[in-house]
Amino acid sequence: MRAEEYIGTKRARTMNCRKKETDKMASEEKILKEAGRDTKAADAMMGQRLNKFLTNAGVCSRREADRRIRAGQVTIDGQPAQLGQRVLPGQEVAVDGRIIGGKEEEIILLFHKPRGIVCTAEKREKKNIVDFIGYPSRIYPVGRLDKESRGLILMTNQGDIVNRMMRAGNQHEKEYQVKVNRPLTETFLRQMKAGVFLEDLGEMTRPCRVQRTGERTFRIILTQGLNRQIRRMCQTLGYGVTDLVRVRIMNLYLTGIREGEYRRIRRQERAELERLLIDSPSTSRYVRS
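Numbering follows the numbering used here, in which position 10 of the sequence shown is assigned residue number 10; successive positions increment by one, without gaps.
It is worth saying that the hints were derived from the structure and are not from the lab. Careful: at least some of the hints might be erroneous.
Restraint-style ranges between C-beta atoms, simulated for each label pair [to be verified]:
| # | residue 1 | residue 2 | range |
| --- | --- | --- | --- |
| 1 | 99 | 197 | 37 to 43 Å |
| 2 | 214 | 73 | 25 to 31 Å |
| 3 | 99 | 135 | 40 to 46 Å |
| 4 | 199 | 260 | 44 to 50 Å |
| 5 | 268 | 183 | 37 to 43 Å |
| 6 | 137 | 240 | 25 to 31 Å |
| 7 | 64 | 264 | 25 to 31 Å |
| 8 | 223 | 199 | 18 to 24 Å |
| 9 | 67 | 266 | 34 to 40 Å |
| 10 | 206 | 78 | 19 to 25 Å |
| 11 | 137 | 279 | 48 to 54 Å |
| 12 | 86 | 256 | 38 to 44 Å |
Computed cross-link-like contacts, PhoX-like style, restricted to lysine-lysine with a CA-CA straight-line distance of at most 25 Å [as the list claims (entries may be wrong)]:
| # | residue 1 | residue 2 |
| --- | --- | --- |
| 13 | 127 | 147 |
| 14 | 147 | 123 |
| 15 | 179 | 147 |
| 16 | 193 | 179 |
| 17 | 147 | 126 |
Glycine included, each C-beta is placed from N, C-alpha and C at the ideal position.
Throw the hints in and build the complete structure from the sequences for me.
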């Protein structure tokens, strides 16, 4: 074959592939438009994107799913999967040879974390929260409470919920009861409310609600979750935290849960949580780690 013919054939094949991809995207867009906002209907017609399928199955986050797909660790019906591929009803998905059963039963637990337990699933950490709870299904914590703190933390197998709740830009409320090592002053309370510059993080905290509850105790409601934020704020203003308890995350309260125990989310709590999350995206252009 002459060079001119080879180049022409190659160009034709490239254009044909691009046309097929464009037609595929247009077809998907049409189906999604017809399905409207009903994602279940769209999934039934087109299947789920593979990374979403793996996240819903509790395997890993979408980002990690994409990494595993690129690494060739994921198959659909025995064939290597591709990024962006959709999983149709009845297809078999496997990760490293382990068959994934699709969307698992949703698990959301409200857990009263004791002091000394570490919010990680890392097995090398002897006091990791997953082993402490010993739940029969795979779950992981939503966010963190530092080792010295106690109180409410959520455990789930739903990666999308984790993302929607923890994105800093979504500004969901978390409430804490705090005890410090010396009497509170009006200046301290006023500064905590207005925001405190944390020099070691190079960041100003958002204005927040603070209410005195005793000579050395106060409640604080945050809409961000910087590392050890309350302890750092207090330390910057010359106070030391002697006890820190998270008592609320959005519409979910610690009340009635004994330290070291958990309960499942109630139906009405789950419905209200979904209402509060309806305008909360699971991704954003900028996420502070």
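The hints, checked one at a time:
1. Between residue 99 and residue 197 the Cβ separation comes to about 52 Å, which falls outside the hinted range of 37 to 43 Å.
2. For the pair residue 214 and residue 73, the supplied restraint of 25 to 31 Å is violated, since their beta-carbon distance comes to about 54 Å.
3. Checked against the hint of 40 to 46 Å, the C-beta distance between residue 99 and residue 135 comes to roughly 22 Å, which is inconsistent with it.
4. Between residue 199 and residue 260, the C-beta spacing of about 36 Å breaks the proposed range 44 to 50 Å.
5. A hinted range of 37 to 43 Å holds for the C-beta pair residue 268 and residue 183, which are about 40 Å apart.
6. Evaluation of the 25 to 31 Å hint for residue 137 and residue 240 yields a failure: the beta carbon distance comes to about 39 Å.
7. For residue 64 and residue 264, the hinted distance range of 25 to 31 Å is satisfied, since their beta carbons lie about 26 Å from each other.
8. Hint check: residue 223 to residue 199, Cβ distance near 21 Å, so the stated range 18 to 24 Å holds.
9. Our hint of 34 to 40 Å for residue 67 and residue 266 holds, since their Cβ atoms are close to 36 Å apart.
10. The hint said 19 to 25 Å for the Cβ distance between residue 206 and residue 78, and at roughly 50 Å that hint is violated.
11. The hinted window of 48 to 54 Å between residue 137 and residue 279 is violated, with their beta carbons roughly 29 Å apart.
12. The hinted range of 38 to 44 Å is satisfied by residue 86 and residue 256, whose Cβ atoms lie roughly 43 Å apart.
13. For the hint linking residue 127 to residue 147, the alpha-carbon distance of about 10 Å falls within 25 Å, and the restraint holds.
14. For the hint pairing residue 147 with residue 123, the CA-to-CA distance comes to about 16 Å; that is within 25 Å, so the pair holds.
15. Taking the CA atoms of residue 179 and residue 147, the gap is near 16 Å; set against the 25 Å cutoff, the hint holds.
16. Taking the CA atoms of residue 193 and residue 179, the gap is near 16 Å; set against the 25 Å cutoff, the hint holds.
17. A C-alpha spacing of about 12 Å is found between residue 147 and residue 126, which places the hinted pair at or below 25 Å, so the restraint holds.
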